[in-house]
Amino acid sequence: MSSASDDPRHARPAPRRSFRLSWADERVRNLVWQVLVVGLVGGFVYWLWSNTAHNLEVRRIATGFDFLGREAGLPIAESLIPYDPSMTYLRALTVGVLNTLKVALAGIVLATILGTFLGIARLSRNWLVAKLAYWYVEIVRDLPLLLQLLFWYALLQGLPGPRQALNPIEGVYLSNRGLKLPFIEWEPAHSWALVAVALGLLATLFYRRAMRARQMRDGVPRRVWPFALLAMIGAPVGVWWAMGAPFTPDVPVLRGFNFRGGVDLSPEFFALLLGLTLYTAGFIAEIVRAGILAVHQGQWEAAQALGLPRGKVLSLVVLPQALRVIIPPMTSQFLNITKNSSLAVAIGYQDIVSIANTTLNQTGQAIEGIAIIMLVYLSISLSISLFMNWYNAKIALVER
Amino acid sequence: MHPTLRHLTAATAVALGLAAATPAPAQAPAQAPAAAPPANTLDAIRARGTLICGVNTGLAGFALPDSQGVWRGFDVDYCRAVAIALFNDANRVRFVPTTAQVRFTALQSGEVDMLSRNTTWTFSRDTSLGFDFTGINFYDGQGFMVKRSLGVQNARQLDGATICVQPGTTTEQNLADWARGNRINIRPVVIERLEDNIAAYNAGRCDAYTTDVSGLAAIRAVQSNPNDHVILPDVISKEPLGPLVRHGDQRFADLLRWIHFGLVAAEEFGITSQNVQQALASDPRPEVQRLLGRTGDLGRMLGVDNAWMANIIRGLGNYGEIFERNLGPIGLQRGRNALWTQPGGLQYAPPFR
Chain A
41 MSSASDDPRH
51 ARPAPRRSFR
61 LSWADERVRN
71 LVWQVLVVGL
81 VGGFVYWLWS
91 NTAHNLEVRR
101 IATGFDFLGR
111 EAGLPIAESL
121 IPYDPSMTYL
131 RALTVGVLNT
141 LKVALAGIVL
151 ATILGTFLGI
161 ARLSRNWLVA
171 KLAYWYVEIV
181 RDLPLLLQLL
191 FWYALLQGLP
201 GPRQALNPIE
211 GVYLSNRGLK
221 LPFIEWEPAH
231 SWALVAVALG
241 LLATLFYRRA
251 MRARQMRDGV
261 PRRVWPFALL
271 AMIGAPVGVW
281 WAMGAPFTPD
291 VPVLRGFNFR
301 GGVDLSPEFF
311 ALLLGLTLYT
321 AGFIAEIVRA
331 GILAVHQGQW
341 EAAQALGLPR
351 GKVLSLVVLP
361 QALRVIIPPM
371 TSQFLNITKN
381 SSLAVAIGYQ
391 DIVSIANTTL
401 NQTGQAIEGI
411 AIIMLVYLSI
421 SLSISLFMNW
431 YNAKIALVER
Chain B
807 MHPTLRHLTA
817 ATAVALGLAA
827 ATPAPAQAPA
837 QAPAAAPPAN
847 TLDAIRARGT
857 LICGVNTGLA
867 GFALPDSQGV
877 WRGFDVDYCR
887 AVAIALFNDA
897 NRVRFVPTTA
907 QVRFTALQSG
917 EVDMLSRNTT
927 WTFSRDTSLG
937 FDFTGINFYD
947 GQGFMVKRSL
957 GVQNARQLDG
967 ATICVQPGTT
977 TEQNLADWAR
987 GNRINIRPVV
997 IERLEDNIAA
1007 YNAGRCDAYT
1017 TDVSGLAAIR
1027 AVQSNPNDHV
1037 ILPDVISKEP
1047 LGPLVRHGDQ
1057 RFADLLRWIH
1067 FGLVAAEEFG
1077 ITSQNVQQAL
1087 ASDPRPEVQR
1097 LLGRTGDLGR
1107 MLGVDNAWMA
1117 NIIRGLGNYG
1127 EIFERNLGPI
1137 GLQRGRNALW
1147 TQPGGLQYAP
1157 PFR
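Line by line, the protein sequences are chains A and B.
For the record, in the first sequence the residue sitting at position 26 is 66 according to our numbering, with numbers rising by one throughout.
For the record, in the second sequence the residue sitting at position 135 is 941 according to our numbering, with numbers rising by one throughout.
Because the hints were derived from the structure by calculation, they are not lab data.
Small disclaimer: the values here were computed from a predicted structure and weren't measured.
Careful: at least some of the hints might be erroneous.
Just so you have them, the derived chain A footprint on chain B, three or more residues with Cβ under 8 Å [to be verified]: (1) 992-1000; (2) 1103-1112.
Partner residues are not named here, just some residues of chain A that face chain B (Cβ under 7 Å, in silico) [claimed, not checked]: (3) 113; (4) 114; (5) 121; (6) 201; (7) 204; (8) 216; (9) 288; (10) 289; (11) 292; (12) 298; (13) 302; (14) 386; (15) 388; (16) 390; (17) 401; (18) 404.
Here chain A is said to cover these stretches of chain B; the calculated rule only asks that three of the stretch's residues, wherever they fall, bring their Cβ under 8 Å from a Cβ of chain A [claimed, not checked]: (19) 900-911; (20) 1035-1049.
Even glycine gets a Cβ: it sits at the ideal position worked out from N, Cα and C.
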């Protein structure tokens, strides 16, 4: 019906005035101001940079990133990749980045799950559940995170020493040295089995999509779980079996000062993860509650009129719409978790800040050290932002 | 503010200071602002009328403000000695507490004139950081403190132990080096604040705490029951501590170097804050007369008053007196810091002539 010529905005295109080199011309003014601002900012940055370089040189202070290739010689307690002090600073800093990522990712996942439950609980018709969630959010949000971290760390230190460790079941020890769990001797077969799990997950997602498409055509719902079971559990077990089914249990035993063998969860990591999760979950709960309340009451009523139970109303109708409101502020919370993880130094978890601090002290190259810390946080934060923006665009209301 | 944030902010601030400082004074002598380290620190201190001295943020015996807010300690007295030499006034010093992390940038950027702050003289600090160390006023070494109940006799028995350590100094690296050298497995717990470290050690999170022996003595002295803790006999590193200045400050470095030697020489000659007046009047030894400025021109050669050493000894005492007054109360023995004339002593001063 509507065509471009009917729209009054398109009725008459603005006349293209000729470009005049005059202050009265808006385009000239814009150009001058923009060039001026960009020039000033660029000049200031250049001045800072050149002055720093010059002053460092005059003071005979070593500069550059050559130190990254030198032997670090600093001890690190927990690492996701093999590390010993004879490796380079680059390796040590990589360990730090991985430690930051480890606690940030675990924190994001756990805080999202806990926060979502709390947010829903805040709206519960059960008075006790709603009030408990309310007080949890109020208390956790109002105390500084650093204080909470120190509290959890002190609490974990109050556990008995390794020689009097709590031993609820065989091979599991809880002491002020952390939680010790039995594990297996890791072999290539286990790595391949993990790869199979990942492929199985991917295959399941594709399978579900295909089944959904068919359901859209004929309206018959199809079961996905038998395929999922086969792809994500059957196939990996098959791979493991085919490679000789290696299985050697590695049970922690107390020897000398500490436990040997098994895997452990250090009190530092645990306190940091606990603090970050519980603190951020409080904020996420409020975001989720706001998102749910933002969905119009009519949507609830319409869904209930279809005969859907309350749980299905929430998961099929309300939450998908609430997500549009929830995602943007959620991105900020994910960024907060990542950045707040730098409080780790206070409780002795060796994240990137801790290791870069030691590095800059041993090498004396403070500017480079701080630049590395900033670069790492900027990269992680930008990655999270990009991902969340992509996800946000994907779930945004498709407007016609 | 959180300690890390404080450190980072301070380090960033110093880095910015370094960035904002105008190019070398040689290029723009007329407009060198206070942020740029002056070409001649000695003249700058004189023009300013006060010495700016970087000290520890708080370590009993070395640098700690007393109940009146007056800085006291072994390192603090070395700053005061410089002020006496320059202005004949021990109070013309502004003390700037510096953390382990920001101390070097503070000196590099000219925020402080000198550091007198439990700083270990090492090769890389002397060469690549642009500093000159002016002497060793305290021979220290890194050791371990454990609970007596653990029954550990020496450091070799710490295989497999968890050890608390504070970041930001060479302590961490020494610990790793020592463990590698002795094929011992240790697990570090690196906590930033000293108080939190000690709390973790006391709670049993760590089997041992490691830092310089002088620091261990200071910590042990303030434990609720010092006898429950043992400082192991092993010393795993050499930590020669002393004041330092920027590279290129030769005249200022000379002054600091000879103040330390003067204090040691005074102890060797038996000159104390009590008898310095008498010695000035009637000590017949020519070297003592030169040291105290009655004869010769030693002070003027350094660019200060000839009575510099006499004034310092009158105000602060000799090396032994400074040591006993500050470090005696925290239970530190002279040990290697005794005069070379004592068995095991290393403090030695070149001749004053």
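Cross-check of the supplied hints:
no. : hint      : result
1   : 992-1000  : holds (count 8)
2   : 1103-1112 : violated (count 0)
3   : 113       : holds, 5 Å
4   : 114       : holds, 5 Å
5   : 121       : violated, 17 Å
6   : 201       : holds, 5 Å
7   : 204       : violated, 10 Å
8   : 216       : holds, 5 Å
9   : 288       : violated, 22 Å
10  : 289       : violated, 21 Å
11  : 292       : violated, 13 Å
12  : 298       : holds, 5 Å
13  : 302       : violated, 14 Å
14  : 386       : holds, 6 Å
15  : 388       : holds, 4 Å
16  : 390       : holds, 6 Å
17  : 401       : holds, 5 Å
18  : 404       : holds, 4 Å
19  : 900-911   : holds (count 5)
20  : 1035-1049 : violated (count 0)
Figure legend: structure checked against the earlier numbered hints; hints not met, in rising order: 2, 5, 7, 9, 10, 11, 13, 20.
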